[in-house]
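Trainee: So the sequences go chain by chain: A and B. Under UniProt numbering, read the first sequence as residues 1 to 388, first letter to last. Under UniProt numbering, read the second sequence as residues 1 to 388, first letter to last.
Please keep in mind that the hints were generated in silico from the structure rather than gathered at the bench. Since this is a predicted model, take the numbers as computed values, not measurements. By construction, the Cβ of each residue, glycine as well, lies at the ideal position given by its N, Cα and C atoms. Don't take every hint at face value.
What the hints assert, rightly or not - Now the in silico label distances, taken between C-beta atoms and shown as ranges:
| hint | chain 1 | residue 1 | chain 2 | residue 2 | range |
| --- | --- | --- | --- | --- | --- |
| 1 | A | 382 | B | 3 | 46 to 52 Å |
| 2 | A | 58 | B | 325 | 34 to 40 Å |
| 3 | B | 9 | A | 351 | 40 to 46 Å |
| 4 | A | 385 | B | 35 | 45 to 51 Å |
| 5 | B | 20 | A | 22 | 24 to 30 Å |
| 6 | A | 305 | B | 114 | 49 to 55 Å |
| 7 | A | 236 | B | 5 | 35 to 41 Å |
Take a look at the letters that make up each chain.
Protein chains: 2
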Amino acid sequence: MTTSLLRVPPPQGLLRPLAVPERLLLGPGPSNVPPRILAASGRQLLGHMHPEVLQVMDEIKAGIQYAFQTRNQLTLAISGTGHCAMEAALLNLLEHGDTVLVAVNGIWGQRAADIARRLGADVHELLKPPGEYFAPWDIEEGLARHKPSVLFITHGESSTGVLQPLEGLGELCHRHGCLLLVDAVASLGGAPIFMDQQEIDVLYSGSQKVLNAPPGSAPISFSKRAREKMLRRKTKPPSFYLDMSWLASYWGCDGEPRRGGRQEVPVSIRDLLPPLCPQGLESSWERHQANCTLLCQGLRDLGLELFVKEEARLPTITTVRVPEGYNWKEITAFLMDNHAIEIAGGLGPSAGKVLRIGLMGCNSTSGNVDRVLRALRDALGQLRRSRL
Amino acid sequence: MTTSLLRVPPPQGLLRPLAVPERLLLGPGPSNVPPRILAASGRQLLGHMHPEVLQVMDEIKAGIQYAFQTRNQLTLAISGTGHCAMEAALLNLLEHGDTVLVAVNGIWGQRAADIARRLGADVHELLKPPGEYFAPWDIEEGLARHKPSVLFITHGESSTGVLQPLEGLGELCHRHGCLLLVDAVASLGGAPIFMDQQEIDVLYSGSQKVLNAPPGSAPISFSKRAREKMLRRKTKPPSFYLDMSWLASYWGCDGEPRRGGRQEVPVSIRDLLPPLCPQGLESSWERHQANCTLLCQGLRDLGLELFVKEEARLPTITTVRVPEGYNWKEITAFLMDNHAIEIAGGLGPSAGKVLRIGLMGCNSTSGNVDRVLRALRDALGQLRRSRL
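Pulled out of the complex, with its shape left as it was, chain A reads as follows:
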């Protein structure tokens, strides 16, 4: 070979084999991935229009319909994180000048409002302090005042640990000519949700929480009302990647011959949903509730104060106030360094105020509750002693 034309050398670090430490991931996500899904991630690829892949896509669709409790035809998985699904929901539903009402009681409402403004929507916010939730009359007042075409609300507010009650909200929205858009990234599979019975128009989640899969596949579904609004659009959404008219065709949701999408589907996402099937959704909800109750009791026994009132606690992510005299960063670092357990501090409006402990999917066990409580007891003792 002649003299090399390369000016930038190859990085030596990449040639070392990668070591991934064993860790118990009890933060707000990702959660640990069980062997079945890890094995699926390690399988060979297929082409995105191969018959086996199209069949897998149909199975994924049926799995999401079960997890969402919906019969919506327009149900599919987006190749992106839960955050990407939030954008897909907003950018397909909203057009420049549309009025949207966003219920903000944590970071996800803030984020949805930010994205809706980027899309040129007329955004109104309903505000509650972090740790609180919205009552139907709060929502009704907002609907009557702002006359939005879309209401955004978060079912599982992972930044604060709040589970938003959804009963009656769909009917309320529809009485006001508004669509109901629900973020269930942190709650799906861990707390009951019934898309059709609760009249939710757009629902989405992520893969790396209760579903215990790597990030990168986000289930989403649209009601007939939501599809009708999208069909009435005067302008195309500002993305081709997330344009539902194309995705619907690729996923065979519109009764026409499929058009090849540009979103290759990792076959492994088929393995997201079975954990919810053999044991059943209801048993998964019960398990998450039972282990959350155990955890809350244990945290109180340690003298800690829970951040959210009992009636609105998210069963997948529990928040406690950072105890007086402690620094949250020292506590999370202690658990990571001494117990190989991840828990998290707050995020957005809860930053600095809380610790967050996630028990999601296969991580929601009484053994893990014991393990994290022992580690916390150790941390509180050691860190107090180091100050004396």
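Starting from the structure of chain A, add chain B where the hints point.
Mentor: Below, chain B alone, put in the same frame as chain A:
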């Protein structure tokens, strides 16, 4: 348990274990994934702010800088496909009313023009028939006439099999006050590209072509000129997920403390780039060129007509005209059914006209050239006989 509230039953199909057939993927992507990367995909997850992950991100960044031959600080991997990176490039660079010139000689130029229009840009197209490429004077005339702020051009046009020469285009664009945006999804690692020396302002690729990884991680890099244009924006881009100001912070590209992104990074993407390192980029380019030359000779020996002139053939994806009297669908189906080999028909403007054969990354071997030529010879013989 009381009576079930579930109205949608669990799908039985998902409970069957998934069987993934062995296939040689010689279409335009995805390509086969070698054992090293499959094993990495099967590793446990870490949190997106764990120190190991931040280090992996630095290593990925250095790997992309090597593959792109750039020293750009703003170099990272997006959590999405190559198509997602195209959107990220366009939506960060362009604002409503910006003038953009798109070189269209296949589907990727068409797609970029579509996305730019969705973003409200003033889009002008430079057109060439599929199979042809642009000369510097074609580009210069377009720049002088339309005075765009961005020129989009495709290095490896996977729909037609054309490799676009890039020499001098960066300098030309800069003389006209325009930025050069290059799509290298199908060419990176298989054909020489020198981001800094060729004065390319934005360059992106995908993971499922020459890099032989699952889809879902897309390398991208921005020059100083491109960053300056982004800093001058009057409006935020219509996406938070792909907003470079956030991604730059999460990837530690702006010299400030990192802000947690909402794009969890699959640790396995660290294993994308090593295949380019030990053997070296130049050896990879030579191997792709040598096997493409072997394949072209073999195709001519079968009596087939190559679609692209010799001086502009993409070494990763070769296009031949569908031979007279044959249906392309019967040929691709024959190879899939009888030889477990995927090759593809045309796409967009080349649909119905060509067959496409990809030899990418670990799939670019003389053994695979022999295998696909034998399979094609068999197909042409058998399908002819069945007509007699």
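Trainee: Which numbered hints are broken by the structure, listed smallest first?
Mentor: none
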